[in-house]
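Asker: Each protein sequence line maps, in turn, to chains A and B. Under the numbering used here, residue 475 is the last one in the first sequence; the count climbs by one each step, no gaps. Under the numbering used here, residue 397 is the last one in the second sequence; the count climbs by one each step, no gaps.
Hints listed in this document are in silico derivations from the structure and should not be mistaken for laboratory results. In this text, all values refer to a predicted model and were calculated from it rather than measured experimentally. A couple of the hints might just be wrong.
[Claimed, not checked] Partial selection, computed: residues in chain A whose CB lies under 7 angstroms from chain B:
id, residue
1, THR420
2, ALA422
3, TYR456
[Stated by the list, open to error] So, partial list: chain A residues that the calculated Cβ filter (under 8 angstroms) puts toward chain B:
id, residue
4, ALA303
5, GLY306
6, GLN387
7, ALA446
8, GLY448
Built from N, CA and C at the ideal position, the CB exists for glycine as well.
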Amino acid sequence: MTAANVPFLEARRLEKRWKGPIPALVNLAFTLAIFYATWWIFQDPRGYMRLYTPYVGYNYTRWILIVLIWVAYIFDFWPFKRGWMEKAHPVLKGVVLTLLSTGILLLLIKGFFEGLLGNFAMAYFSPSHLTKLPGVTAFFAEEYAATACLMFAAIASWLSPSWIVAMEAAPWQDMKQPARGLSIWVMTFFLSTLVYFMTMHSHMGILYYPWQYFTAITPPYWEQFADTVSGNFHIAWIMCCTVVVWLVETIWERYPFSAIKNPWIRRLSLFFAIIAISLALNFFLYYAQELAWGEAIRGSRRDAAPDWRWLHVGETAIFFLVPALFLYIYCDNWPKQFSTPVNMLVRTVITVAGGLAIYALYYRYAHLFLGTQKGFSHPQQFPMIPMIWLINIWLINTWFMDNWPGWKLSMKTDAEIAAEHAAREAEHTWSPRMVPGLAVGAAAGVALYFLVVWAIPVVSNSVNLIPK
Amino acid sequence: MSENKTPFTRRDFIKGAALGLGLGAIGAMGLYSYSPMSRKHIAQVQRKQGDFGVCRGVKCRVISETSWFDNSQLMGDIKAAGGLLVDQYTYNWPPFGDGTGLGKGSYEKGVAKIKHLLPNKLEEAWEIAKGLSVHPDNAGGFAALVEVEDMDGKVHKYLLDSGWSYKWMDEAFKREGIDKMLANGEIEALFISHEHFDHYWGLPVTLKYAPNIKMYIPDTFYPAGLQYIADAGHKGELVKVKKGLCPIIPGMATYVFDVPIICKVFGEQSMYFNVADLGLVSVTGCCHQGIILFADTAYKELRYEKDKFHGLYGGLHISPFDDWDPKYDDLVIGLKKWELEKVGCNHCTGLVTAKKFVDAGYPMVKGTARFRSKDPNYLGNGDSIEFRKA
């Protein structure tokens, strides 16, 4: 294992410029300043471009995330040379790679979805085609087209990283760029298309009057199970997949699946475990809302409606991704001093606490500075937009800018990389001697679950997050 | 998998326990949360059966349901201003236009141009506003006359909302005789459902004829909205209704819902009536809280005749801009279980929704499509609906 044949991100050594928490605080301040400036320019309803309509801004936010993943994770910064990546100033790299990503983003949305698919495949990807429908205004034509496009993005933001995190880029892991990247890109794009048709196409078919019975399955197959015909049911679990894939990659270090020695069993089990964990999270977050606010009522609006509850599952999941990524990117994935399962557990506890805190802060205060409205269920507001916008900035900062200004880049030697792999292999193990602990832990986990189920209504009845 | 022959240690136990904790919790989340067993932890609704009296009947007359006349023009303005989250007072729509263009106005700058003319010189005020505003002729408004007959046979008249365009609303008031009712003191109070431009910005038209009228507003108005009440020349009692039930007379109550609404508005006030021998009747301005939540709230909070949700009238805010979303189909499907007996809808309900209601077999009271109302599936301008045992 040499630096040349591991991805650039893995070959990097990021060294703090200052001791203690100062680099993390400096980068937090830096990225929050970028966040607020760019939020004002691009998204804020009081700001310059006001893309938060909401779907147009949401669409760009989701797709830039995917493009960042493509550039860094799938194409490993191809066509940029490793030497340039190592030596160029982080700010220059940040600007160049962000501009490249923005160009790809525009080409994708305007060229591929609106231009190609919208004109030659499905009219609902094209605002200009949608305006030909009687009664549809230009505003909603753009919103509908953006909705379709971002639904595709939601799926891609799960599958694209999954092919690296779970499938380890197999079977193309030994190929050179761009063949490797292109192969994974084609595969994940194909899978995303497949999942899109099976989860979101019916949602779009119902946008028309009458329902498009002959081109989309309506009412959709999930109607009775999910208590809604809305595709938000799928947004819920797919968003959970997006979150879980990054939890697995960062704070969970792909453990315990990394302990499986057979490569294909390891890959496939992790790929499907991400889906299984996501479904579990999905059902729990829906249930948590029922516990807090009572059973959903089909046909109602806002926080009582099943479709909004499913959407809120995805929104809530994203709140937990923010602290997990902060811990990983700016806190060196603290802690590392314990065994891997204990490290994972501590990080998970921090992530849950952090996610709850951000959730509370968002609903309590975000309307004061994001130009949004207070309240849980504004039909045109999605907390996923500012959360993913912030995550995008963090990813640009860490992937493109090597955590500048708090960190500086150097490259690991081949020996260091080999030692890292060996240490990881030694630590990421499984032993039957863990079974007694596992059994006790599992029982405690079930007990913890029921404790939380008991506590949610109690907390919900005593805390009002929405200010008067 | 690695096999280790070393003896069992505390470290092994802790490693296993840490892993097991996650496994147990995630497993329980997945297997239990959406299972039938999980239902037993959800709080069951305890119906409060609050008594708010009974009335003999309610009649609603549509003064104006046409809040705007050209949907594409309105949405074009909203799009150009930055979308549905932009503060309504910045749109530069009348009467708060200041000549700076879409999305660049403010309440203060707008009202400063016309304040001195309110509420008596509305024609002059509107002419000034027209010159400074975007698409002033697209403004209409929503207002309804609500006549409640109490059990003694006395009829109480109330105004629900005051529309938007001074010109259009004044014409509509004159057409329906509301101007005289206000001037004669026949109308006991003005209820503002919410702060939206099309329900509220025409306030001076009501105050022109009855500056001392008692006003009920949700207590969630923003400072600009509150200031407008004073600037428009209101001299009477102002009741800021808190979230929840507000009884008015026997058989009539309003209910304020804390809901965030497009164009930076918060909270909506709707009306409940308990009609003798019929059941519950709901009357709404826009019903941003959703008609089913509105009905369900009554089910949980109130006692009403025959325990029956009999009818509803108003804007139901489903597809106000003739937009659509599958969740609206949930409403069309979900409303069936309430077995409504009489429905009159218009305004922000959406013509597509009205068509879907007709297709679904709901007992719709059709309108006459007069005075610029577009479709007979709507209860239109000048039409009325009555809820009263024959």
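Asker: Against the earlier hints, flag every one the structure doesn't satisfy and list their numbers going up.
Answerer: Failing hints, ascending: 1, 2 and 4.
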